[in-house]
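2 protein chains.
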Amino acid sequence: MKNIAVIGAGASGMMAAITAASAGASVTLYERNDQVGKKILQTGNGKCNFSNTVMNEDCFHGSARDTGLVKKVLERFDENKAVEFFESIGILPRVRYGGYYPFSEQASAIKDAMYLELIRRKVKLVLGHQVRNIQKKKNGFVVDDQFFDAVILSTGGKASPKSGSTGDGYYLAEKLGVHSNEALPALTYLTGTEKWFKNVAGVRVEASLKLMSDGKELDSSRGELQLTDQGISGICTFQLSAQAGRMLKEGHKVKVLLNFMPDMSFEEVVSFLNGRRSGLDSRKCSEFLIGVFPEKLCRVILQQADINIDASVKKLKDADVRRLAGCISFLAVNIKGTGGFDRCQVTSGGILADQLTDELEVKDVPGFFAVGEVVDCDGICGGYNLQWAWSSGYIAGMTASGK
Amino acid sequence: MKNIAVIGAGASGMMAAITAASAGASVTLYERNDQVGKKILQTGNGKCNFSNTVMNEDCFHGSARDTGLVKKVLERFDENKAVEFFESIGILPRVRYGGYYPFSEQASAIKDAMYLELIRRKVKLVLGHQVRNIQKKKNGFVVDDQFFDAVILSTGGKASPKSGSTGDGYYLAEKLGVHSNEALPALTYLTGTEKWFKNVAGVRVEASLKLMSDGKELDSSRGELQLTDQGISGICTFQLSAQAGRMLKEGHKVKVLLNFMPDMSFEEVVSFLNGRRSGLDSRKCSEFLIGVFPEKLCRVILQQADINIDASVKKLKDADVRRLAGCISFLAVNIKGTGGFDRCQVTSGGILADQLTDELEVKDVPGFFAVGEVVDCDGICGGYNLQWAWSSGYIAGMTASGK
Chain C
1 MKNIAVIGAG
11 ASGMMAAITA
21 ASAGASVTLY
31 ERNDQVGKKI
41 LQTGNGKCNF
51 SNTVMNEDCF
61 HGSARDTGLV
71 KKVLERFDEN
81 KAVEFFESIG
91 ILPRVRYGGY
101 YPFSEQASAI
111 KDAMYLELIR
121 RKVKLVLGHQ
131 VRNIQKKKNG
141 FVVDDQFFDA
151 VILSTGGKAS
161 PKSGSTGDGY
171 YLAEKLGVHS
181 NEALPALTYL
191 TGTEKWFKNV
201 AGVRVEASLK
211 LMSDGKELDS
221 SRGELQLTDQ
231 GISGICTFQL
241 SAQAGRMLKE
251 GHKVKVLLNF
261 MPDMSFEEVV
271 SFLNGRRSGL
281 DSRKCSEFLI
291 GVFPEKLCRV
301 ILQQADINID
311 ASVKKLKDAD
321 VRRLAGCISF
331 LAVNIKGTGG
341 FDRCQVTSGG
351 ILADQLTDEL
361 EVKDVPGFFA
371 VGEVVDCDGI
381 CGGYNLQWAW
391 SSGYIAGMTA
401 SGK
Chain V
1 MKNIAVIGAG
11 ASGMMAAITA
21 ASAGASVTLY
31 ERNDQVGKKI
41 LQTGNGKCNF
51 SNTVMNEDCF
61 HGSARDTGLV
71 KKVLERFDEN
81 KAVEFFESIG
91 ILPRVRYGGY
101 YPFSEQASAI
111 KDAMYLELIR
121 RKVKLVLGHQ
131 VRNIQKKKNG
141 FVVDDQFFDA
151 VILSTGGKAS
161 PKSGSTGDGY
171 YLAEKLGVHS
181 NEALPALTYL
191 TGTEKWFKNV
201 AGVRVEASLK
211 LMSDGKELDS
221 SRGELQLTDQ
231 GISGICTFQL
241 SAQAGRMLKE
251 GHKVKVLLNF
261 MPDMSFEEVV
271 SFLNGRRSGL
281 DSRKCSEFLI
291 GVFPEKLCRV
301 ILQQADINID
311 ASVKKLKDAD
321 VRRLAGCISF
331 LAVNIKGTGG
341 FDRCQVTSGG
351 ILADQLTDEL
361 EVKDVPGFFA
371 VGEVVDCDGI
381 CGGYNLQWAW
391 SSGYIAGMTA
401 SGK
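In order, the protein sequence lines correspond to chains C and V. Counted the way the numbering used here counts, the first sequence spans residues 1 to 403. Counted the way the numbering used here counts, the second sequence spans residues 1 to 403.
Careful, some of the hints might be misleading.
As the list makes no split between identical chains, a pair holds if one copy fits it or if it spans any two.
What the hints assert, rightly or not - Only pairs whose alpha carbons sit at most 30 Å apart, straight line, appear in this in silico BS3-like list of lysine-lysine: (1) K195 x K72; (2) K195 x K47; (3) K124 x K284; (4) K210 x K47; (5) K72 x K336; (6) K38 x K175; (7) K47 x K175.
The hints are simulated quantities; they were obtained by calculation from the structure and are not laboratory data.
For reference, chain C alone in the conformation it holds in the complex (with noise of 0.2 Å):
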């Protein structure tokens, strides 16, 4: 029987050390947190998000991704694994815009299932020990004093330090010779150069969002944002947040292309402007846009478009038009960062993907698999993260176990 330590009881540990010890595999879970599975009950807005019905390795980033290994992973325990287990452990899933969520929307039935699956399946459990030392011996490891024949490390990133989550899996590898890059937060906000943010905090509208550096497109979103008083965010921003934080990091320069009218192109939007002009001309400048904007966004639009807020909407000249329809269509926003560990979703960056085999095990290491947020594999919002700690935690578990 396999003996297996695996560090870190969150969702893709929790799934390595019930899938192990299914297989058949003697299982010790180290926890550094008194609980299993804390950060769990932060995601989904407490909801938890488990998978997506959409799932496939575009809605991944990272080396993982771009390795191929979220692929084969991913084909190899995909969404309706993920759902069929879930059920076996008494989830019933329920489907939101696309989301798997548990029928309860509770996030903490995903981790009262999984803690009562674990007890169930004998895993013995190690709370409020942190791992600090990792040796690699002839015949296995040796996890601070307890020998082990196989190491699955699932410590997660850097992501929501407060729920246990403070890049030691990173030193831990890096120790045995496994690399990783620069983690940074991703699913977070951004902050903006621009000073009218203070004017449009707290303003939610639908919009869409185009990532620019240097002149290109990297990537794109749209949904309900959410503006700051320091700048962007909501599910739309934090889609883009990955790419812009690294963008950041390597000295490029980041925009994001605000277009609070999606629907419509930029000619459309002339066109809806001017036929604004001719119904509303009785009023003031600072009038027109009531009904189609929030009213802090319309003033910042206004006064962005260079617009005298207290002429007559008469007054109104063609070129006036077309600089208020380039404010709503593309207003520009300097990115300057992005939100901190403690306010971001999950770790871009960690372990590289090209150490590892498809089954999550370190080349140059047999016997130690690194799954989870440790990798350097980030998903978007949607449950992708959580897909990817299920479908590595199992795979590794399985291999580990000899399965």
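Once you've looked at the hints, dock chain V against the given chain C.
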């Protein structure tokens, strides 16, 4: 030129005033608050769900519906005419789940745009003035001390008295011999006699509801049910509240049956539970429903089904499972009361529709019109009550002005 008084500058009153003024009348709009449209700001959760793509008389209750008045009024001024009107005053519409909202998703846009239109149409606004008396004269009316050819009563009902509707419209009408039935709160929560509510306060869960009285199903609804420490709330509850309140008032017993798995029949729930019974037989009964319902609700359902939560799932008998399925598929709430006028969205009851012409004019008092919420007409959630305000306000405004 007709000289018209409109009493109350809420949704229906502003619409009546704008319409009459556009049609050439001289209009005075009285409002007891120091601003117009105060209650509009609360509608649609602050976003103003101002109409709906699905609009017919079945979405309304009260004598206005029973006499066929709602149908005729909606035929003459339907949701498309309302949207057209709002577009003409600068409100770009946006549809969400069938409901029309201003594109800006701010209720203030509706209020502001209507206010600007009142000004543009030269409606005389008398703010901070509560009308105390309407006297019928030979060729018209004296409102307090001013003479008018016609009066449109748009005071609202009794819902949300803080925004100015305290029921004085019924009193003003009664003095002219125009009768109302008793006003009751509608679109509000329901309280239950059950002690277990205190254990589920704060839970939100998808459910279907059946309103029952004397063994008959009166109405049903479905949506996100909110459980409070005293009963049930959420839009699906609001939809049943007018009828529940009226039945209670008439001395009937009223029940609501909650179904927490509305997509499964009772027998399907039994099979589902039997499947779990074999899959999760290592668990205690307290853990049997993890992942299906929110924790607090699981406890109440198990308790109501008289399941020993400390026993093993293995010990569950067929009869236990059927009892449990019963509490999932039709948990009964004995309704004790409804929320009060300060906690409801609209008034059920008011000026009886059989006294009104199809133009909302009182048959026995020519020149006197009643529109909006003061009429015995209440719609379900979703922009219906506002549509009634626009439609009735428009028709009365047009008719009073002589068009």
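Hint check:
| no. | hint | in the structure |
| --- | --- | --- |
| 1 | K195 x K72 | neither (46 Å within a copy, 54 Å between copies) |
| 2 | K195 x K47 | between (35 Å within a copy, 27 Å between copies) |
| 3 | K124 x K284 | between (71 Å within a copy, 20 Å between copies) |
| 4 | K210 x K47 | both (29 Å within a copy, 27 Å between copies) |
| 5 | K72 x K336 | neither (36 Å within a copy, 59 Å between copies) |
| 6 | K38 x K175 | within (27 Å within a copy, 66 Å between copies) |
| 7 | K47 x K175 | neither (37 Å within a copy, 56 Å between copies) |
Checked against the numbered hints listed earlier, the structure breaks hints 1, 5, 7; every other hint is satisfied.
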